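Residue numbers (our numbering), protein chains in the order written: chain S, 1 to 272; chain B, 1001 to 1327.
Keep in mind that the hints are not guaranteed to be accurate.
Claimed, not checked - Here are the computed lysine-lysine pairs in the DSS-like style, where the Cα-Cα straight-line distance is at most 27 Å:
| # | chain 1 | residue 1 | chain 2 | residue 2 |
| --- | --- | --- | --- | --- |
| 1 | B | Lys1159 | B | Lys1171 |
| 2 | S | Lys173 | S | Lys44 |
| 3 | S | Lys270 | B | Lys1159 |
| 4 | S | Lys173 | S | Lys188 |
| 5 | B | Lys1159 | S | Lys169 |
| 6 | B | Lys1198 | S | Lys188 |
As the list claims (entries may be wrong) - Short, incomplete list of chain B residues facing chain S, as computed with Cβ under 7 Å:
| # | residue |
| --- | --- |
| 7 | Gly1163 |
| 8 | Ser1292 |
| 9 | Thr1295 |
| 10 | Ala1296 |
| 11 | Ser1318 |
| 12 | Leu1324 |
Unchecked claim - So these bits of chain B aren't anywhere near chain S, every CB distance computed over 12 Å:
| # | residue |
| --- | --- |
| 13 | Gly1053 |
| 14 | Glu1152 |
| 15 | Pro1264 |
| 16 | Asn1288 |
| 17 | Thr1290 |
| 18 | Arg1315 |
| 19 | Ala1322 |
| 20 | Glu1325 |
These are calculated hints, taken from the structure and not from any lab test.
Remember, predicted model here, so these are calculated numbers, not experimental data.
Backbone N, C-alpha and C define an ideal beta-carbon position, used for all residues, glycine too.
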Amino acid sequence: MAYPHSSSLGARLLGVAASLAFALVAGAGAHAADEEDIWPALQKDLFAERSVVEDPSAVVLEAPYRAEDAALVPLTIRIPSTASAKKLFLVIDKNPAPLVADFTFGPAAGAGERVLETRVRVDMYSNIRAIIETGDGRLLMATKFVKAAGGCSAPALKDTDAALAEAGKMQIKHLAATGDGQREGQIKIRHPQYSGLQLNQATGYYIPAKFLRVIDVARDGERVFRMEGGISLSENPNIRFTYAAGGEDMLEVTAEDTDGKIFKGQAGPKGS
Amino acid sequence: MPLRRDLATDRRSLLRTAGAFAALASAFPATARKAMAEAADASSPFVAEIAPGVYTHKGQIAEYAPGNEGDIANAGFIVGRDAVAVVDTGGSMRVGARLRAAIRSVTPLPIRYVINTHMHPDHVFGNAAFEPDQPAFVGHHKLARGLSARAERYIAINKEALGEEAFAGTKIVLPTLAISEATTLDLGGRTIALEPQKTAHTDNDLVIRDVESGTLFLGDLVFAEHCPTLDGSILGWQAVLDHLTQTAAPRAVPGHGPASMAWPDAARPLQHYLKVVTDEIRVLIKDNRTLSDATATVGLSERNAWQLFQEYHARNVSAAFAELEWE
């Protein structure tokens, strides 16, 4: 009910999410769970019986071993030009909602090295995984262990009033070319990304989850990627990404949150 | 939605249960007696009189650890003709009880106000030691909101860091008097001026001035010795300090560092730190560099200027970067 948008895959994962969140509530469970390898169960929820293979030649994940701020952990994913990728999944095994986001690449993602950088919340020491689905349907993975805790329930908003007042504000930037005919862009969207695990300070009730569920990025009308995401994407979502150079290089972004609010922005190379 | 609500209810009832256990375990008189004995035994007094009727305690420059029992922030009190005002209470019930014992060794006057400079545990977790005095608990009007949102996590983390024994009796006591504009309190012939600040170190910093002696209690708006920690706005913090340092005062009490410092000199190292971090991050953002680049490279020239730099600095950079990239 709280996630009317959920795809069946998302719904299955959110089922996992609820049971994990409950384990966290039980307190001591949080520590006991540290030792368990929950990936086999997660993999089944995400990909059913399909095999997922570690392959550093197909996808590379960069993450800090020890995060400075569990609510703002930077991740960089690199997909070499030799690899084909139609989808990318980001997974944090022990988060209440393990599927951070999935990205579906479009024609404007290009064929050179694809680089994607964003920031996530990490709720407890966990493996983080970047998994690509190749053009011929294989699932290839990179894994990093990250030490961080509390990112999902932490009220990361340091200035609650300012953050709410500016929700929906968007910045789109063109960065430098990265080679291989690829260029780099960045989108920033003001959004509190309420996780549903944060207390409402005034009432003592939990703030209902409210987050960006879709970010769709196009270059000159062709899709770069469509992201479907959840509560593990940090507040004020920030994504740097590569795309194939086009004619105008006009970047268009459409985002939608769980309230159905639509946020749009576009920018040419000379600025928004 | 129903699932979420049940979950929330369960978490809240667990919180309440935990609170009840904490209250049961507090065994206040025993704790207070132990603290009084310790205070009496200590070779150096728990507090120093930094101006007539103004007493402060210097907390250790450290993170929460069983050995320090959460005594890692400065605290103090002001004695008027009729009553006492406490400013911050230390990081655990035990430290609060020790502060209360120190007050009782100075005066039998009633403790009318317990003022918190901001929401952080090392400044508010001793509040419970003063509940028997039935004071007004005083804080910035945003303190209750900020502390409530973090309560569960603050308790879990700090209980783990201190251990059950040193943490015993510690619980959250929220303000009963919320300060949303400049306000004065009366201790009988002695006025305490309170001024809530805009978002700086946190979004609930309160400046407390003893009008008679001119002493400023600045909480964590000023750090000395201890690496600053940013939980608000790096630009807002600099604006508040720019304003506060325009007016001299006979002395100021920082949230961490010496029990009394010259003002505005006390703020200069912190202002320098915040400026270095801001300037270097702005250069990186202009060059389209990343958050990871920033935490690895920014502000390292400040490394030797602060204790606990390794523990707090990179996190400050991370928070400042997330703020400044929206300029």
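Okay, the hints, checked on the actual structure:
Between Lys1159/B and Lys1171/B, the direct Cα distance comes to roughly 10 Å. Compliance with the 27 Å bound is thereby established for this hinted pair. A C-alpha spacing of about 38 Å is found between Lys173/S and Lys44/S, which places the hinted pair above 27 Å, so the restraint is violated. Between Lys270/S and Lys1159/B, the direct Cα distance comes to roughly 53 Å. Violation of the 27 Å bound is thereby established for this hinted pair. In summary, the hint linking Lys173/S to Lys188/S is supported, as the alpha carbons are separated by about 9 Å, within the 27 Å threshold.
With a C-alpha separation of about 39 Å, the suggested pair Lys1159/B and Lys169/S falls outside the 27 Å cut-off, and the hint is violated. Restraint check for Lys1198/B and Lys188/S: satisfied, since their Cα atoms lie roughly 25 Å apart, inside the 27 Å limit. The criterion of a C-beta within 7 Å of any C-beta in chain S is not met by Gly1163/B, whose closest approach is roughly 15 Å, and the hint is violated. A hinted interface residue such as Ser1292/B counts as satisfied when its beta carbon comes closer than 7 Å to some beta carbon of chain S; here the least separation is about 5 Å, so the hint holds.
A hinted interface residue such as Thr1295/B counts as satisfied when its beta carbon comes closer than 7 Å to some beta carbon of chain S; here the least separation is about 5 Å, so the hint holds. Proximity of Ala1296/B to chain S is violated relative to the hint, the smallest CB-CB distance being about 9 Å (cut-off 7 Å). With a cut of 7 Å, the hint placing Ser1318/B at the interface with chain S holds, because the nearest CB-to-CB distance is about 4 Å. Among the interface hints, the one on Leu1324/B is violated; its C-beta lies about 12 Å from the nearest C-beta in chain S, farther than the 7 Å criterion.
For Gly1053/B, the shortest C-beta to C-beta distance to chain S comes to about 35 Å, beyond the 12 Å cut-off, and the non-interface label holds. Listed as a non-interface residue, Glu1152/B fails to keep its Cβ farther than 12 Å from every Cβ of chain S; the least gap is roughly 7 Å. For Pro1264/B, the shortest C-beta to C-beta distance to chain S comes to about 25 Å, beyond the 12 Å cut-off, and the non-interface label holds. Annotated as non-interface, Asn1288/B brings its C-beta within 12 Å of a C-beta of chain S; the closest such distance is 5 Å.
With a least beta-carbon separation of about 7 Å from chain S, Thr1290/B fails to lie farther than 12 Å from that chain, contradicting its non-interface assignment. Annotated as non-interface, Arg1315/B brings its C-beta within 12 Å of a C-beta of chain S; the closest such distance is 4 Å. Against chain S, the non-interface label of Ala1322/B is violated: not every CB pair exceeds 12 Å, the least being about 6 Å. The beta carbon of Glu1325/B is not kept farther than 12 Å from every beta carbon of chain S, the shortest such distance being approximately 7 Å.
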